[in-house]
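Chain G: place on chain D using the hints.
Chains D and G, in that order, are what the protein sequence lines are.
Per the working numbering: the first sequence = residues 1 to 491.
Per the working numbering: the second sequence = residues 1 to 491.
These are computed hints drawn from the structure, not numbers from a lab.
In this text the structure is predicted, and so the values were computed from the model without any measurement.
Since copy identity is lost for identical chains, a pair holds within one copy or between any two.
Derived lysine-lysine pairs resembling DSSO-like cross-links, with alpha carbons at most 30 Å apart:
{"id": "1", "residue 1": "K22", "residue 2": "K270"}
{"id": "2", "residue 1": "K327", "residue 2": "K22"}
{"id": "3", "residue 1": "K181", "residue 2": "K157"}
{"id": "4", "residue 1": "K98", "residue 2": "K327"}
{"id": "5", "residue 1": "K161", "residue 2": "K181"}
{"id": "6", "residue 1": "K181", "residue 2": "K292"}
There are 2 protein chains.
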Amino acid sequence: MFESSELGHEISKAVYDAEVPKLREALLDAQYDLRSAKAFPVLIIIAGIEGAGKSEVVQTLNEWMDPRFIHTHGFLLPTDEEAQRPPMYRFWRALPPKGDIGIFFGSWYTVPMLARVLEQTDDHAFEHSIGVIRHLERMLHNEDVLILKFWLHISDKEQRKRLRRLEKDRDTRWRVTKVHKLLAERYETQIAVAEKILRETSTGEAPWIALDASDDRYRNLTVARVLHDAMRRRLDQPATAGLVTAAPVLPQVDNVKLLRDLDLSQRIEKDDYKKQLERYQQRFGRLVRSKKFRKRSLVLAFEGSDAAGKGGTIRRVAGALDARLYKVVPIAAPTEEERAQPYLWRFWRHMPGHRGIVIFDRTWYGRVLVERVEGFCSEADWMRAYDEINELEEQLTENGTVLCKFWLQISGDEQLHRFQEREQTGFKRFKITPEDWRNREKAGAYEQAVADMVDRTSTQLAPWTLVEANDKYFARVKVLRTICDALERVL
Amino acid sequence: MFESSELGHEISKAVYDAEVPKLREALLDAQYDLRSAKAFPVLIIIAGIEGAGKSEVVQTLNEWMDPRFIHTHGFLLPTDEEAQRPPMYRFWRALPPKGDIGIFFGSWYTVPMLARVLEQTDDHAFEHSIGVIRHLERMLHNEDVLILKFWLHISDKEQRKRLRRLEKDRDTRWRVTKVHKLLAERYETQIAVAEKILRETSTGEAPWIALDASDDRYRNLTVARVLHDAMRRRLDQPATAGLVTAAPVLPQVDNVKLLRDLDLSQRIEKDDYKKQLERYQQRFGRLVRSKKFRKRSLVLAFEGSDAAGKGGTIRRVAGALDARLYKVVPIAAPTEEERAQPYLWRFWRHMPGHRGIVIFDRTWYGRVLVERVEGFCSEADWMRAYDEINELEEQLTENGTVLCKFWLQISGDEQLHRFQEREQTGFKRFKITPEDWRNREKAGAYEQAVADMVDRTSTQLAPWTLVEANDKYFARVKVLRTICDALERVL
Numbered sequence: 001m002f003e004s005s006e007l008g009h010e011i012s013k014a015v016y017d018a019e020v021p022k023l024r025e026a027l028l029d030a031q032y033d034l035r036s037a038k039a040f041p042v043l044i045i046i047a048g049i050e051g052a053g054k055s056e057v058v059q060t061l062n063e064w065m066d067p068r069f070i071h072t073h074g075f076l077l078p079t080d081e082e083a084q085r086p087p088m089y090r091f092w093r094a095l096p097p098k099g100d101i102g103i104f105f106g107s108w109y110t111v112p113m114l115a116r117v118l119e120q121t122d123d124h125a126f127e128h129s130i131g132v133i134r135h136l137e138r139m140l141h142n143e144d145v146l147i148l149k150f151w152l153h154i155s156d157k158e159q160r161k162r163l164r165r166l167e168k169d170r171d172t173r174w175r176v177t178k179v180h181k182l183l184a185e186r187y188e189t190q191i192a193v194a195e196k197i198l199r200e201t202s203t204g205e206a207p208w209i210a211l212d213a214s215d216d217r218y219r220n221l222t223v224a225r226v227l228h229d230a231m232r233r234r235l236d237q238p239a240t241a242g243l244v245t246a247a248p249v250l251p252q253v254d255n256v257k258l259l260r261d262l263d264l265s266q267r268i269e270k271d272d273y274k275k276q277l278e279r280y281q282q283r284f285g286r287l288v289r290s291k292k293f294r295k296r297s298l299v300l301a302f303e304g305s306d307a308a309g310k311g312g313t314i315r316r317v318a319g320a321l322d323a324r325l326y327k328v329v330p331i332a333a334p335t336e337e338e339r340a341q342p343y344l345w346r347f348w349r350h351m352p353g354h355r356g357i358v359i360f361d362r363t364w365y366g367r368v369l370v371e372r373v374e375g376f377c378s379e380a381d382w383m384r385a386y387d388e389i390n391e392l393e394e395q396l397t398e399n400g401t402v403l404c405k406f407w408l409q410i411s412g413d414e415q416l417h418r419f420q421e422r423e424q425t426g427f428k429r430f431k432i433t434p435e436d437w438r439n440r441e442k443a444g445a446y447e448q449a450v451a452d453m454v455d456r457t458s459t460q461l462a463p464w465t466l467v468e469a470n471d472k473y474f475a476r477v478k479v480l481r482t483i484c485d486a487l488e489r490v491l
Numbered sequence: 001m002f003e004s005s006e007l008g009h010e011i012s013k014a015v016y017d018a019e020v021p022k023l024r025e026a027l028l029d030a031q032y033d034l035r036s037a038k039a040f041p042v043l044i045i046i047a048g049i050e051g052a053g054k055s056e057v058v059q060t061l062n063e064w065m066d067p068r069f070i071h072t073h074g075f076l077l078p079t080d081e082e083a084q085r086p087p088m089y090r091f092w093r094a095l096p097p098k099g100d101i102g103i104f105f106g107s108w109y110t111v112p113m114l115a116r117v118l119e120q121t122d123d124h125a126f127e128h129s130i131g132v133i134r135h136l137e138r139m140l141h142n143e144d145v146l147i148l149k150f151w152l153h154i155s156d157k158e159q160r161k162r163l164r165r166l167e168k169d170r171d172t173r174w175r176v177t178k179v180h181k182l183l184a185e186r187y188e189t190q191i192a193v194a195e196k197i198l199r200e201t202s203t204g205e206a207p208w209i210a211l212d213a214s215d216d217r218y219r220n221l222t223v224a225r226v227l228h229d230a231m232r233r234r235l236d237q238p239a240t241a242g243l244v245t246a247a248p249v250l251p252q253v254d255n256v257k258l259l260r261d262l263d264l265s266q267r268i269e270k271d272d273y274k275k276q277l278e279r280y281q282q283r284f285g286r287l288v289r290s291k292k293f294r295k296r297s298l299v300l301a302f303e304g305s306d307a308a309g310k311g312g313t314i315r316r317v318a319g320a321l322d323a324r325l326y327k328v329v330p331i332a333a334p335t336e337e338e339r340a341q342p343y344l345w346r347f348w349r350h351m352p353g354h355r356g357i358v359i360f361d362r363t364w365y366g367r368v369l370v371e372r373v374e375g376f377c378s379e380a381d382w383m384r385a386y387d388e389i390n391e392l393e394e395q396l397t398e399n400g401t402v403l404c405k406f407w408l409q410i411s412g413d414e415q416l417h418r419f420q421e422r423e424q425t426g427f428k429r430f431k432i433t434p435e436d437w438r439n440r441e442k443a444g445a446y447e448q449a450v451a452d453m454v455d456r457t458s459t460q461l462a463p464w465t466l467v468e469a470n471d472k473y474f475a476r477v478k479v480l481r482t483i484c485d486a487l488e489r490v491l
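Excised from the complex, chain D in its bound form (with noise of 0.2 Å):
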């Protein structure tokens, strides 16, 4: 694989400096016409040998474009915000927004590699790093990234020459770190790593790019012409309305009986009520209260039908909380800084570490509810949402954190009388808007998305709970027991 990146290409200074005006003035170009359609944000990222020159190329685009749009992001340790969330967390807060170009020098191919090469994990455990970054990659392609992976080669031979060289130069020596000195004594395998890693990850959507870094001039020139000829293709491409990849048709099963079939006529009296939520709610505290808990966090997520009782439901579990450890995420349109980047985006950035618990009022299935029915994205999107919110929820399950996703569901019946009481109420008044009578007549879509969303995200890991919720005492009781459930699973 890395064969043709060892031919010696060489370019003289020459034809260097008489290239590099020209290049420099193509990629301002293309740069500030990405800053100005703000269509797609650009994301570079830098791997390869060490001594290969990176951070070399790291200044060289710095230097060769307005560094002002250029967000260069090097990924030492976690802090303990990031060790506390999955380990995507940390490269999803760094993601450059529309119109701008992310630099990621160490990236999520840095410890996968790394803990291979130094065989800390075995074959299952780095499949899984592999099928987690091609999912997240092909989700970023999917959002409009424009995304650009550079593997800087250089032999053996040449490397040991350029460590020996750093070494000697008292201020270039600690950039020759153990790990270096590591990596450099297993140059085969490294290769080896790098070869099954740049295979398996070298999609049509995020190629990657390897090149002989081993002339420094053939090294800069080559990355900054495939970035400048990748932007500019985008750049100049029809716009994609039209483009939309034709999105798998969904099989019509009968799997709206799922939501019919449910027995909305149970109900519980006050005084029973009154008891068991007690009772719950003096479990719950107990649950996130106790030491295992510790290190764990729990994400709460409400959807329902408008009228539902999500408010009324959210308020009793929280009130069984100490009002500092959890935070209600109410889930409105997105900010400004959120439209700049990838749908999950404004999702992440509240997920919880240790000991925190999240509710969310609405959730990320926005996008194969309101969304999908509304057409407010093409079938492309919210057809591959479905995997993308598996994928998210796998990887917050397998960060320890407990996910319960709850469903309210109320009659028809139900909804237009409640509807009709908040318009009553002063103060229930704010519940109730056109919209709400609007999204009414869409009743079946929405039943129809329901039932797509359940059957294609209530998985193991994360399973949804349907709750009757007629009764407003039922459902709260069945939410709280249910909470309680799956912590004491895990506890």
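Positioned in the frame of chain D, the structure of chain G alone reads:
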């Protein structure tokens, strides 16, 4: 001070039940008007004696208003990202945006008060904390934040009764921590400390509301009423444009001499430059790699006339560093999330943790430079900025951050020359805009602004370095030498 809070206010259930629906409706109205005007944020601080019902008040407010636009923050132990930055950092990042309501349950008062009651700080440190708080609240007020601070009071006897009750119940026992008991034992001391802190921080712009919390209904109604009235009053007042406090007139001293007297003819020959640059880059690199820097951080602030060479200088400074350790933050137009916050918020969010280096390409001084000269903010706004900036910088340096501020000065002729050159060089073209030409015409006003800035913000803790920048080599070497000297002084 708390005498009137022990008068034993009581409200009957009948009165309460009659009042609450009206109050909720009025509160919601106010909240929605706030939301649609997006004119200011509301910050509610809930403090008081343990057992007085702080969390109950928080719950009630969340229940009576639309919780989606209320951000409740409990402040427990700081995370490491927070602990590495000045104490106020965690509160800055939790500030509510315009149109929203933030509830701080625990706040900047918690630590100073606790430390004082437990006799962990001396008078001096305590006074200092109070000064920092007064300063912060005045600034928030000037940035249109509506601040309401509630102190919930109960008597010694009542507290003991309540804590006993909490301790008896297995499910509330956890709420009575060691700290609570310690505080309860020192009830009188706590009252004395609270009195002092409330007295000294009960300002016109951020008054304390101390209230009798022994009756739950009275407590809830009072907090909600005060909140409602304050929001309503602010919402109904005419736009403040004409109401801005008259700014004190800046004494017109002949301070521009400072700039005019700079010897801009200073220069370094190329060979000498290369040697010195290398020497200082090496020294710089060694300093930030030293053990002592591991608990420190470095903030470099660059300002200068257009074309003074900020970008080139920053590149040489960064050139000495591992790209993973520093971040260049270019200051351009604020984003939507930034515009919804006080002016300094967007700088706070970039402040470095331990070992971090942040290079600001233009800075918080924008307010007293471009915003002053171009009239983007009122005179009162930029006049108060000097003081706010000094406070920011004091907090940084107290936290162990090394701060260097550079003003790069070039002559009018040299600027003209560089502008013309930029227009002729393709890849420098992006650096010159019609705005630059317009700014040139305001050279006099800018000169005065710079002179005032240096006069008022060149403090012992954070002095300005004026850099004679007609010769780029000279400027770069002077900047690097200044950074090295500053680091050496503290390491």
